[in-house]
Structure formats: structure tokens, C-alpha cells
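Enquirer: Now for the letters of each chain:
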Amino acid sequence: MITPESLTAYIRRVLNDAAVSVTDRTGTMDHLAIQVVSTLFEGKSILDRHRLIYQALEEPLRDGRIHALELQAKTPNELTNNP
Amino acid sequence: MAEDPIEEEIRREIATHKILIYGKGTKTAPQCGFTVETMQFFDKFGYPYEIINVLENPAKREALTRMTNWPTLPKVFINGEFYGDTDVLGPMDERGELRPLLEKAFRTDVSHP
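In order, the protein sequence lines correspond to chains Z and H. The opening position of the first sequence corresponds to residue 1 in the numbering used here, with each subsequent residue numbered one higher. The opening position of the second sequence corresponds to residue 1001 in the numbering used here, with each subsequent residue numbered one higher.
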């Protein structure tokens, strides 16, 4: 398991302006759905956006603190137009 | 330098199947919720897809991660290209980008019977 604060800190190491919301899918805080909003996603494909998030979370994914992840990566503009 | 035999095998597989899912388990006995979700996702479109089980094959999982720069399973390839998982394909579908891609992938069959 991982706390939302710790997870957000990992993501901000790579995406420093990220707004992160975390949903616990199983009540165990290791199967998570995460929405990340960052201006640094602008001009990047969804594939590359998700790669950045996986890169940021490499450590907790490797050591098992996170077992499964569902990702949503948006720019602030996309969030406004299509929340 | 000779190519890694596992990478060669993967390249052969992605060239053979228009929609290919590397996942955990088989079509009849999937062993991961995300693999099931991916199968259900493609069932909507009605095109044939193949699942290759890499649960018991850590060397192949590592090779796939290296080749795609993507750490998790399932991994989906369409027409030889890597498209991540349903978290990528879902938004692509919402934007109307996926159906044309699949139509194009399967249309080429006509000229190569």
C-alpha cells in the first residue's frame, strides 16, 4: 500500500506541477486509479504521458507498494473541456 | 550483433497477429482482471485478436518491457505497433481514433489473401 501523499510526491518528482487524484479500487490502497493533470502533458501522446507516470512510479511499482494501476493523464485544458 | 532470440520471437508474433495482447492467462482462462478487461474491450469491435500468455515467462516479459518502454501487462499491439493498454485505447476510442486504425489494419487482408 501507499499513501496518496507519498504517491503524489513520486509523481511530482517527474511532473512538478501535477495535480493528482487517487481512487482506491479494492480498499487496500495497492490497486489504484490515478488521474494526473499537468501542463507537461501538452503536445504528448497518451502513450508517452502514461510512460512518464510509470517512470515516476517505478520504485513503488517495483517494490510492490502499488500492485495495479489505472491511469488517466490530462492537461488542464483537456480537463476543462472534457472533465 | 545477432538479435536476441526472444525479441525475434516477439517481432514475429506482432507481425503475425493484427491485434495481439500480451497478458496473463489465456482466452478461456484469463488470470488477471486487466487481461479480462482488455478482452472485453476488443470483443466490442468484433475483430479477431490473439492473447499470448507471458505469466510464466519472465524473460519474455522483460524483453517486452525493454522493447516498449512500458512496465505493465497487458500490452496491446495493433498492426505491429504498440498501443499500451485499455487506459490508452479507451481515450483513443472516445476520440474516434481506434475504429479507423482497426479498419485499416484488417482492410489490408484483401490485397494479401
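Please note that the accuracy of each hint is not assured.
[Stated by the list, open to error] In silico negatives: residues of chain H with every beta carbon more than 10 Å from chain Z:
1) K1060
2) R1061
3) N1069
4) N1079
5) D1087
[To be verified] Beta-carbon label-pair distances, calculated as ranges:
6) H:R1107 x Z:E5: 30 to 36 Å
7) Z:G27 x H:E1008: 39 to 45 Å
8) Z:T80 x H:Q1031: 18 to 24 Å
9) Z:A9 x H:L1055: 29 to 35 Å
10) Z:S45 x H:A1105: 35 to 41 Å
Read the hints as simulated data drawn from the structure, not as lab findings. Keep in mind the model is a prediction, meaning the values are calculated, not measured. Cβ atoms here follow ideal geometry from the backbone N, Cα and C, with glycine treated the same way.
Enquirer: A separate judgement is required for each hint: does it hold in the structure or not?
Expert: Here is how each hint holds up against the structure:
{"no.": "1", "hint": "K1060", "in the structure": "holds, 18 Å"}
{"no.": "2", "hint": "R1061", "in the structure": "holds, 13 Å"}
{"no.": "3", "hint": "N1069", "in the structure": "violated, 6 Å"}
{"no.": "4", "hint": "N1079", "in the structure": "holds, 15 Å"}
{"no.": "5", "hint": "D1087", "in the structure": "violated, 5 Å"}
{"no.": "6", "hint": "H:R1107 x Z:E5: 30 to 36 Å", "in the structure": "violated, 49 Å"}
{"no.": "7", "hint": "Z:G27 x H:E1008: 39 to 45 Å", "in the structure": "holds, 43 Å"}
{"no.": "8", "hint": "Z:T80 x H:Q1031: 18 to 24 Å", "in the structure": "violated, 40 Å"}
{"no.": "9", "hint": "Z:A9 x H:L1055: 29 to 35 Å", "in the structure": "holds, 32 Å"}
{"no.": "10", "hint": "Z:S45 x H:A1105: 35 to 41 Å", "in the structure": "violated, 18 Å"}
In summary, the structure is inconsistent with hints 3, 5, 6, 8, 10 from the numbered list given earlier, while agreeing with the others.
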